[in-house]
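Undergrad: For what it's worth, the UniProt record's numbering labels the leading residue of the sequence shown as 1, then goes sequentially.
Don't read these hints as lab results, they were simulated from the structure. The beta carbon of each residue, even a glycine, is placed where N, CA and C say it ideally should be. Treat the hints with care, since some could be wrong.
Claimed, not checked - With a straight-line cut-off of 35 Å between C-alpha atoms, the simulated DSBU-like cross-links for lysine-lysine are:
hint : residue 1 : residue 2
1    : Lys97     : Lys21
2    : Lys33     : Lys60
3    : Lys13     : Lys97
4    : Lys82     : Lys97
5    : Lys13     : Lys60
6    : Lys94     : Lys13
7    : Lys21     : Lys33
8    : Lys60     : Lys21
9    : Lys13     : Lys33
10   : Lys47     : Lys33
11   : Lys97     : Lys33
12   : Lys97     : Lys47
13   : Lys94     : Lys17
To be verified - Restraint ranges, calculated between C-beta atoms of paired labels, are given here:
hint : residue 1 : residue 2 : range
14   : Asp100    : Phe62     : 28 to 36 Å
15   : Ala103    : Thr40     : 16 to 24 Å
16   : Leu36     : Pro58     : 16 to 24 Å
17   : Leu16     : Gly106    : 35 to 43 Å
18   : Tyr63     : Asp12     : 17 to 25 Å
19   : Ala35     : Gln84     : 23 to 31 Å
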Amino acid sequence: MSNGRLQPVHYDKETLKELTKQIAYASIIGGAKGALFSVTSALILTKTSRIFRTLRLPLKIFYHCAIISSGIILSGEAQVNKFQSQYYQNELQKRQKLLDEAADNGVFLDENYISKSVISADQGRVAK
1 MSNGRLQPVH
11 YDKETLKELT
21 KQIAYASIIG
31 GAKGALFSVT
41 SALILTKTSR
51 IFRTLRLPLK
61 IFYHCAIISS
71 GIILSGEAQV
81 NKFQSQYYQN
91 ELQKRQKLLD
101 EAADNGVFLD
111 ENYISKSVIS
121 ADQGRVAK
């Protein structure tokens with residue numbers, strides 16, 4: 001899978017499997033929410049809008065597909081952001097635990113010595 005190229009540590013199979021599972025679940029929920037919104041808004045528009053009533057079936061189907069897919073995309077993207085922040089929070093906790101264990105054993109490491117592959121809590125971005 002790597003083709004000889006190095007990949008960051010957060011591309012391990014377990015992490016990707018968990019992320020895929022969470023995205024699939026969020027997409028199903030987002031699709032259901034989008035479908036509920038789509039059907040509800042179509043019923044309201046059918047009752048109130050003469051223009052919507054005169055639309056042909058392909059345009060109404062496109063309307064439903066666009067709203068449902070938007071729900072899927074927005075929900076999936078929100079889940080990716082949630083997973084990423086949770087992943088980095090866990091990485092920060094692991095890092096702090098390793099630093100504490102090293103200090104308990106008498107090994108004191110400089111903060112710059114540790115890999116900066118995780119975000120700092122105050123910045124909210126990936127540290128370089």
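Undergrad: Against this structure, judge whether each hint is valid.
TA: To see whether the hints hold, each was checked on the structure:
Between Lys97 and Lys21 the alpha-carbon distance is near 28 Å, which keeps this suggested pair within the 35 Å criterion. Distance check on the hinted pair: Lys33 and Lys60 sit about 18 Å apart at the alpha-carbon level, within 35 Å; holds. Note on Lys13 and Lys97: the hinted pairing holds, with a Cα-Cα distance of about 24 Å set against a maximum of 35 Å. Only pairs whose Cα atoms come within 35 Å are accepted, and Lys82 paired with Lys97 is accepted, the gap being roughly 23 Å.
For the proposed pair Lys13 and Lys60, the alpha carbon gap of about 41 Å is over 35 Å, so the pair is violated. At roughly 19 Å between alpha-carbon atoms, Lys94 and Lys13 fall within 35 Å of each other, so this suggested pair holds. Under the criterion of a C-alpha separation no larger than 35 Å, the hint pairing Lys21 with Lys33 is consistent with the structure, at around 19 Å. Taking the CA atoms of Lys60 and Lys21, the gap is near 31 Å; set against the 35 Å cutoff, the hint holds.
Among the hinted pairs, Lys13 with Lys33 is consistent with the structure: their alpha-carbon atoms are about 30 Å apart, no more than 35 Å. Among the hinted pairs, Lys47 with Lys33 is consistent with the structure: their alpha-carbon atoms are about 21 Å apart, no more than 35 Å. Between Lys97 and Lys33, the direct Cα distance comes to roughly 40 Å. Violation of the 35 Å bound is thereby established for this hinted pair. Of the pairs offered as hints, the one joining Lys97 and Lys47 is violated, with about 60 Å between alpha carbons and a cut-off of 35 Å exceeded.
As the CA atoms of Lys94 and Lys17 are separated by approximately 20 Å, the hinted pair is consistent with the 35 Å bound. As the Cβ distance of Asp100 to Phe62 is approximately 57 Å, the hint placing it in 28 to 36 Å is violated. For the pair Ala103 and Thr40, the supplied restraint of 16 to 24 Å is violated, since their beta-carbon distance comes to about 57 Å. Taking the beta carbon of each, Leu36 and Pro58 are about 22 Å apart, inside 16 to 24 Å as hinted.
Separation of Leu16 from Gly106 is about 37 Å and conforms to the stated range, judged on CB atoms against 35 to 43 Å. Taking 17 to 25 Å as the suggested C-beta distance range, the pair Tyr63 and Asp12 does not conform, at roughly 41 Å. Checked against the given bound of 23 to 31 Å, the beta carbons of Ala35 and Gln84, roughly 27 Å apart, stay inside it.
Checked against the numbered hints given earlier, the structure breaks hints 5, 11, 12, 14, 15 and 18 and satisfies all the rest.
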